[in-house]
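Asker: Generate the whole structure from the sequences, applying the supplied hints.
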Amino acid sequence: MASYPEELRYTAEHEWAKVESGIVTVGITGYASDQLGDVVFVELPEIGRKLESMKPFGVVEAVKTVSDLYAPIAGEVVEVNTALVDNPALVNQSPYEDGWMIRIRPSSAEPLNGLMSSSEYEKLLEEQHA
Amino acid sequence: MTPTQTLKRTPFYDFHAAAGAKLIDFAGFEMPVRYTGDVREHLLVRESAGLFDISHMGEFHVAGSGALEFLNRVITNDLAAIAVGQAVYSPMCRPDGGIVDDLLVYRSADHFLVVVNASNKDKDFAWLKERCPAGVTLEDRSDDTALLAVQGPRTVEVMRGHVPDAVLDLGYYRFATGTLFGADAVIARTGYTGEDGFELYFHPRHAAAVWEGLMAAGKGVGMEPVGLGARDTLRLEMGFMLYGNDIDDTTSPLEAGLGWTVKLAKQDFIGKDTLVRQKEAGLARRLVGFGLEGRRVARQGSTLESGGREIGKVTSGSWSPSLGRPIGLGYVETPAAKSATLDAVVGGARQPAQVVKPPFYTKGSRKSG
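The listed protein sequences correspond, in order, to chains A and B. Using this note's numbering, the letters of the first sequence correspond one by one to residues 2 to 131. Using this note's numbering, the letters of the second sequence correspond one by one to residues 878 to 1246.
Keep in mind that the hints were calculated from the coordinates and are not lab data. In this text the structure is predicted, and so the values were computed from the model without any measurement. Take these hints with a grain of salt, some might be off.
[Said to hold, decoys possible] Computed from the model, here is a short list of chain B residues facing chain A with C-beta under 8 Å:
| id | residue |
| --- | --- |
| 1 | Gly914 |
| 2 | Thr1110 |
| 3 | Val1174 |
| 4 | Ser1195 |
| 5 | Gly1224 |
No residue lacks a Cβ here, since even glycine has one placed at the ideal position from N, Cα and C.
Answerer: This is the structure we're talking about:
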């Protein structure tokens, strides 16, 4: 099974999050993009929208299926990846880098507390397939 | 998703696994849904050629005196109107006009090959067995039949030199027997994609030789294996039915737009009375095709509206890789079926849709006649 970047944190809904200079970047994992297949559209929130932890913030449409996107943390949307408008395939090609989806100014000081580490996420996937 | 140990495997499982295919449970079989990508595989079939493992489907051998009359009594299409070496597509109806399955019947000189959906194999066999008269033999040969399809405009380049030349000249829905990489095979100019191609039926012991032979033969045109995901978007672009989505026990072939397969002039067949009455009374609903602007896809179960009122539901919906927009099929009240537009409710919002008479994709290479 693929390994998941160590510097990121993960949710049970297959989102990843990383914090840089107080801003949290969010996307979906390679596992999720692989399960979805070719992504054709990502519906992203407006800048300024307030998000609640583990509530949907958008939708990812793939050829064969559609899936909600869940906010890993609470906060305010400060940026969205407009490159995904013309090139939604970035989510499949580069889920952890060019395929990032939104940036959030978190409501709490330790925003990634409670999210899974790379090895915990990997273990969750193994358990789901057991 | 990891399939459980109780799933069946086709004779080509090892090739799918070696190619890194994503395997899913389909009709109790561990089948490849994709290898490299849904869009890539779909476009490969439209532009060149793809190789499909469809061995999960069911094949029944029907023979004996009375075989033609028996089959003609259970299907709506007319076997007496086709020649030896020809195949026919037909629904098989219940007395109430609902569809048990859609299937192909291949007519040979001394027997018929009936090919059915994997998901309905047991149901179809029981249905036929119950109605099979003395003197007609009905055998389930699915476990002894491997089935591959080569589909795409460059199919002939793949097959040339590996099948008798006469096979390459077969018309659409015609078939012949021949040797394919050492296997005795039924080679049929049929398919589910709208492209030129062949469906190849042979004994599973030849599986490796035929798969490897075809892959090598297809190298020159870049042929690759193609999964069930792309198979579904290819057929949807043609407006072909998927049993369980667009047709089932509750839908009649007339409602589904399959009137061309219903030969009401034929002597009695199961469902005929109902279909005659339905035709005379007019249909309350019809299956229509639709296309959406934007990128949100109206999937199976989505509501279809006209003037703010629900008039039907989507039965099949997907992104169309060839058209670059969402398309779908759904049953709507007959008056709405005649309008040019309707609305699809997607993600809680009303999206405008154009009514399209399938096929959505009109540049397919399948032979006409």
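Asker: Compare the structure with each hint and give your call.
Answerer: Checked hints:
| no. | hint | result |
| --- | --- | --- |
| 1 | Gly914 | holds, 5 Å |
| 2 | Thr1110 | holds, 6 Å |
| 3 | Val1174 | holds, 6 Å |
| 4 | Ser1195 | holds, 6 Å |
| 5 | Gly1224 | holds, 6 Å |
When the structure is compared with the earlier hints, no violation turns up for any of them.
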